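Now for the letters of each chain:
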Amino acid sequence: MENTKKNSVAKKILRPELSIFIFFIISIVAGTLISPDFLDLKYILSTMPLYTELGIIALAFTYLMIAGEIDLSVASALTLVSCVSAVLYQSGMSMEAVIPIGLLLGLVLGLFNGILVTVTKIPSLIITLGSMSMYRGLAQVLIGDGSISGFPEWFVGIDRMLLFGVVPMPIVIFVLLTVIMEIILKKTFFGRKVVAVGSQPQVAVYSAVHVDRVKLVLFGLLGLSEGIAGLMSLSRLGLAKYSIGVGGELDIITMVLLGGTAFSGGRGSLTGTALAFLVIVLLKTSMTLVNLRRMDQLLVIGLMLIIVIILTDKLNKYQDQS
Amino acid sequence: MKRVVIAFVICLALVMSLVGCTKAPGSGPVESQAPEQPSAAPAETSAAAEPGDAKGLHVVYIPIQTGNPYFDPISQGLQDVVEAAGGTYEMTAADVVDPTAQIPLIKAQIQKGVDVICISPTSVDALNDVCDEARAAGITVIMLNDDITGNESHRDACVIGTNYEEVGYRSIEVFKDIMNGEGDFVVISATTDSPFQNRQIEIYKEMLAKPEYSKLNLLEVVYGNDEPEKSLTEAQAAIQKYDTLKGLLCPTTVAYIAACQAVQNAGLEGKVLVYGTEFPNQANEFLKSGVSQGAILWDTYRMGVVAGELCKAIVFDGFEIKEGATFNAGKYGEAVISAKNIIYGGPPLELTADNVDDYNF
Amino acid sequence: MSGHPLLAAKGIYKSFGKHEVLHGVDFDLREGEIHALIGENGAGKSTLLRILFGVHKASAGTIEYKGETVRINSPMDAKSYGMAMINQEPQVFSDMSILENIFLGHLELTSARMVDYKRMEKIADGLLQKLGLNMDVHSKMMGLSVAEQQMVEIAGALSSNASIIFMDEPTASLTPDEVQRLMDLIRRLKSEGKTIVYISHRLEEIKQISDRVTVLCDGKKVGCYNTAEITIDDMICSMIGCTLGEMIKKEETEISDEPHFAVKGLTSNGAFSNVTFEVRRGEILGIAGLMGSGRTEIARTIFGVMKRDAGTIEIDGKPVVINSPIDAIRHGIALVPEDRHGLGLFLKKPIAFNTTFAASWKIKRKLGFIDRKREKDVTEKYVEQLKTKLTSIYHNVGDLSGGNQQKVSLAKWLATDPDVLILDEPTRGIDVGAKTEVYKIINQLARDKKCIILISSELEEVLALSDRIVVMYEGRQTALFDRSEINEVNVLAAAHDFA
Amino acid sequence: MKAKEKRLSGMALREVGVVAIILIIYVIGCLIEPRFFSFDVLVNILLFTPVLLLISLGEMMEIISQNLDVSVGSIMGFAATVGGAIFRYDKSFPIIVVFLVTTGIGVVLGLINGLLVTRFKLPSVIVTLGTMNIYRGLIFILMNAKQIDNMYIPQNLIALSQPMKSVIGIPYTVIIAFAAAALVALFLRRFKTGREIYAIGCNREAAELRGINATRISMLVFIIAGGLSGFAAMLFISRVGYVNPVTAGSGMEFTAVAAAVIGGTSMAGGVGTTLGTVLGCLLLGVIYNSISYIGISGYWQDAIYGAIIIIAVIIEKLIKTRLVKGQEA
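Protein chains in written order, with the working numbering: chain A, 196 to 517; chain B, 67 to 427; chain C, -16 to 482; chain D, 115 to 443.
Derived by calculation from the structure, the hints in this document are not laboratory data.
Nothing here was measured: the structure is a model prediction, and the numbers come from that model.
Hints may contain errors.
Straight-line alpha carbon distances no greater than 25 Å define the calculated PhoX-like cross-link-like pairs of lysine-lysine that follow [said to hold, decoys possible]:
(1) K345(C) <-> K381(A)
(2) K382(A) <-> K40(C)
(3) K509(A) <-> K364(C)
(4) K281(B) <-> K307(B)
(5) K281(B) <-> K337(B)
(6) K235(D) <-> K512(A)
(7) K279(D) <-> K354(B)
(8) K512(A) <-> K331(C)
(9) K105(C) <-> K306(D)
(10) K364(C) <-> K349(C)
(11) K382(A) <-> K349(C)
(12) K381(A) <-> K347(C)
(13) K359(C) <-> K347(C)
(14) K260(D) <-> K306(D)
Computed from the model, here is a short list of chain C residues facing chain A with C-beta under 7 Å [said to hold, decoys possible]:
(15) F340
(16) K347
(17) G351
Even glycine gets a Cβ: it sits at the ideal position worked out from N, Cα and C.
From just these sequences and the hints, can you work out the full model?
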């Protein structure tokens, strides 16, 4: 009894998110160590919007990965949305009209993957490997490697709309989404279905869950987030270009995995992903401050990814056996 | 316990990798290429060069991309001048050619409060806001090698390698001589939307309209997207398609080397002539083996030096940038500011089998 | 014969996670004998075999080969001692040729270290002939029947010319004449001096061929007898600790006359065809048959997991359409699947999570939020009712013992308040104590006027508990016995389609 | 016997299909641009394959053994940069030796992947996503991000990929690559280990019950894949004539997966043929060239590649389901 009590306490502490939390601390310490200009909340806040778009997608991606699927086409979809929206606006459509269309397009792009995966039962990894290059390809076909800009004043610069004069809008959105989605995952039955589908699909089927339907919803959700992110980047940059967010899918997957979500599905948390998002932002910011070359940054992040996965794996194992 | 150990290991690993990387920042310590500190340098500059009195000349250069050799000489030039003047020089760049990638880099420099930011912009319009932000923070923003055409108001000045118009006219002239004024040729460009490329092609066409060029016949303009494999395939296709093809004109370095390889592969050295923009070290073999009859470029190192001198002038003697004003460009003498605050680094640099060995970049 | 046994296990303990399945079992194997290993499901037969073969690692105990203690950590080691294993569920490479399925792991090589297909073909043809099979060794494994796959695996074990062959219920899915052929083969192997360990539920087979019998019960060794000196009844007794009598008692319940649930001409292509029966409230209908006879598939089809190709499912005389478990539950049908781990429970999720998962409506507030309080109530209600032993309803199901897991699985489906409850192998892999409780529960449910369909490979169960019994053979319904006609002989005959 | 025919039809169907697509595209190409119909064009198409083929072969083995390695591109880039650096240091360095060096580097990096995957039981995609970045990063730390210019690359290496310099008019790189393919085919069909690669991909548990050391095998596969990528690095240098540490081999991993999958390698593992992968590469090569010859904007390339991957896997799915049905009936 005594022992089990200790166990449960230990369990509370040694949860998968722990590993990323450790890194959260490390990244702050390391950041302040390597650069005096680092610890400046205003500055950090102002750099966050640059990554928020990926962060938002990462949230929906967490759901998908908990359900045991993966989508490599996320960054490409983001780009395609922003490019199509830009083209539509250029062709004389009003921005008010473009926004819903952009969101809708995101939804469609997500569902396209979802339908292919659920209908053909082909691993999502390979399906989305295809759509990844297809979506970006389409964006390229659409506007070559030029760029489209010149959007209405009110639309451009979402990252410069501040809440309480310090917190940029994208971050507000990100935090809100994190909270809402975490609640849905942990407190509602839909959340349970997602977890169930990911941990043991067969059992889910026998427990009267439309596995495919759940997955479809999640792909749709992801698509929607891609739509939001696409429009956000359009607003932040005030331009669309086919090369925007190249390789973003890696950053996103990195965030999700860093957050302690199991690649095999069945376990994960939005808080973890949000933390991971912060860690990535902090690391990138501090490393950029000392003008560390991006390739070296990749090295650091790649290294961190592997370490965290191993650690999370250990923690998960610990959680399973009591 | 085991977990604690692991956690510890992580911390170690990360911190170490971080430190390890910071040890090799920017382009690392490189021996100066500019041998003599120009004697013509004005007194106050040399005074400023005294260490200790480095009243914070802090210059950061942000090229388009890391690992792109084109920018190395530019960076070198900047570095030599700035460090000779006792200032601090840093270079940082993104790993992908993504217009958004440069923004956090610039933000970081603002946060650090450097004096001058030199940027080779990835996009003509993605940087406006962040540039304004920088200038509002009292930082001089200089476009380097490329201008943000149409958004000139968002930067203080722009240093480009040479008058690119001149390069265009010069290329087609030389090309005509190589072709003995007659024959069919194909232009292999980068992408359909690259301003520089399109301007060059416009100039070619403008010249071709003239009577003395009448025998020169532009068959087609193809685009290699600046990818080696793609450019190569395009070049091969061109050679395949046109029996009468006599020349390949390439306003981009990737296409130039691809063209040379295509000609070699087809065994048409000397029968299909190649001319275009290329670095000495890349063109070297092809010029000597007679695959290519010539190449044109601008002295990128010189461009860097001029930019560096400009930074010095601005920070040390509050040099004011306006059209017509001149400043001392060190060993390259006076540099003048022309329209739209553009400064030309120097005249075009023409490479032939004979002079290519004189340059190493 | 040398003093030392060929292979001996001393004081083998093994536990999976929380609960221990082998408590210090001894086992010895003499050269050239056929040694039968019997015991109920979950008695630990397969586990013991898998430990000897290096698949599992024993928590304690030693293994001796010809008197010397050896370490067998993997099948690789086992093979090096000349062992081969025939698995209960055939382990096949469906995308590869039959030939390779036979030889993988010990491919024949030419002098040039290349795979020698010619030679393997010859050997394979020989083996398949011995087994009385004719199949093209180059065709792919995919599409073979379970029986055929089983035969191929047997051929595989033989082709490795192992001296010790473990057979884990090789006959479970075979037809009588296939079984006969296998028996002959085993005798021939014996005459060739091979040593064989043989697991089977078919005690008459064991009587037929084995020299010695080791009986396991609840992970303990009951004893080891010379087959000649022990009757089948004794075997049964020692297997179940002689408690059959009081263990399974059918409590009489009054059964309503008109059927509540019925299937007519139910067919699922490739699994079973034209199955017809009806169940009345308070009645227990047993479905008997060999493995692969289509028992489980019937359950799955009724529950809407498998495709229904023909026939109707009726409730109170009205046909209902069931295309998914969702429909099934809506019509008050529940299935407690045979495979707890693979199909029944989310092992790494809490007991409360599992108990309430299929009955979401009971714990949902508006907007689909979960009412923790009600979740707790529902769960505890069934913990109460089924006397599930646990420390906290928020611990993972995986931490419970097999018996209690099964109870949670039951609770999960009872929570959906079904009228028709299909129990597929409700006592597989749980200890005797738990079994008796499960039987009590089943009786209780019958008293609660539920229609119960009981599927089990343990004949005693079906015989003792059922009011009526449907017997399946190779996907055909061979008989439907009323209480009066129910006896072992009839059912077995029907199950083998004699008569 | 019926089963046999089905098997043939099943396997062949796929290859025949790919061949058909290749021919169709080629014919269309010829119709639109008559000059597309020439020996030199065929050579150019072949010239496209060597680097991709070698990497795809490795990727194919990974997929057959139920792994996926997205770091092969970075491995090639890494090896190429080191190889180039050697030449920059001494242009007259014996090419054979450098071949060995780059291959060796590939082997080591592959080994690292393999260790991480097998020791820590991590999904290979994730591990290699990590190492993909790490390897790329290492290039920069080691090479300081400097391009190795054309003038440093020995001519006789470049000559390997020049038709004119080859006695039979087909560049040596092509011959080398196809020879390698032949070896891989032999290895996979005729050697114990080769068959065991299929076995662990088909049903790992069963394989282990048969006493096959699955860990050892998948380890080996990672090493082979790495080695092939390292070897490919030299062909890359020979083809491109200089090494840019950023672009060298980036994105290659996805093209390689595409080639393998188009060639009929099943993501489910256990299925895939060398011939199929070779055809996959050729298909991509034909598309690549015809795009240029017909004069379609290069912008279409990625879109087309992506679409083809998706179509390919769906076709595979259809064939498979049809087969299973056929055999059940």
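Against the structure, the hints:
1. At most 25 Å may separate the alpha-carbon atoms for a hinted pair to count; K345(C) and K381(A) meet this at roughly 18 Å.
2. A distance of roughly 40 Å separates the Cα atoms of K382(A) and K40(C); the hinted pair therefore is violated under the 25 Å criterion.
3. Restraint check for K509(A) and K364(C): the C-alpha separation of about 35 Å exceeds 25 Å, so the hint is violated.
4. Straight-line distance between C-alpha atoms of K281(B) and K307(B) comes to about 20 Å, which keeps the hinted pair within the 25 Å bound.
5. Distance check on the hinted pair: K281(B) and K337(B) sit about 17 Å apart at the alpha-carbon level, within 25 Å; holds.
6. A distance of roughly 12 Å separates the Cα atoms of K235(D) and K512(A); the hinted pair therefore holds under the 25 Å criterion.
7. Taking the CA atoms of K279(D) and K354(B), the gap is about 18 Å. The hint holds against a cut of 25 Å.
8. For a cut-off of 25 Å, the pair hint linking K512(A) to K331(C) stands: about 10 Å separates their Cα positions.
9. Between K105(C) and K306(D) the CA atoms are separated by roughly 18 Å; this keeps the pair inside 25 Å, and the hint holds.
10. Simply put, K364(C) and K349(C) have alpha-carbon atoms about 23 Å apart, close enough for the 25 Å limit, and the pair holds.
11. Of the supplied pair hints, the one linking K382(A) and K349(C) holds, its CA atoms being roughly 12 Å apart against a limit of 25 Å.
12. Restraint check: the Cα-Cα separation between K381(A) and K347(C) comes to about 13 Å, which is no more than 25 Å; the hinted pair holds.
13. At most 25 Å may separate the alpha-carbon atoms for a hinted pair to count; K359(C) and K347(C) meet this at roughly 13 Å.
14. Restraint check for K260(D) and K306(D): the C-alpha separation of about 44 Å exceeds 25 Å, so the hint is violated.
15. The restraint placing F340(C) at the interface with chain A holds, with a minimum CB-CB distance near 5 Å, inside the 7 Å limit.
16. At its closest, the beta carbon of K347(C) sits 5 Å from a beta carbon of chain A; the interface hint therefore holds under the 7 Å criterion.
17. The closest approach between the C-beta of G351(C) and any C-beta of chain A is roughly 4 Å, which is under the 7 Å cut-off, so the hint is satisfied.
When each numbered hint is compared with the structure, violations occur for hints 2, 3, 14.
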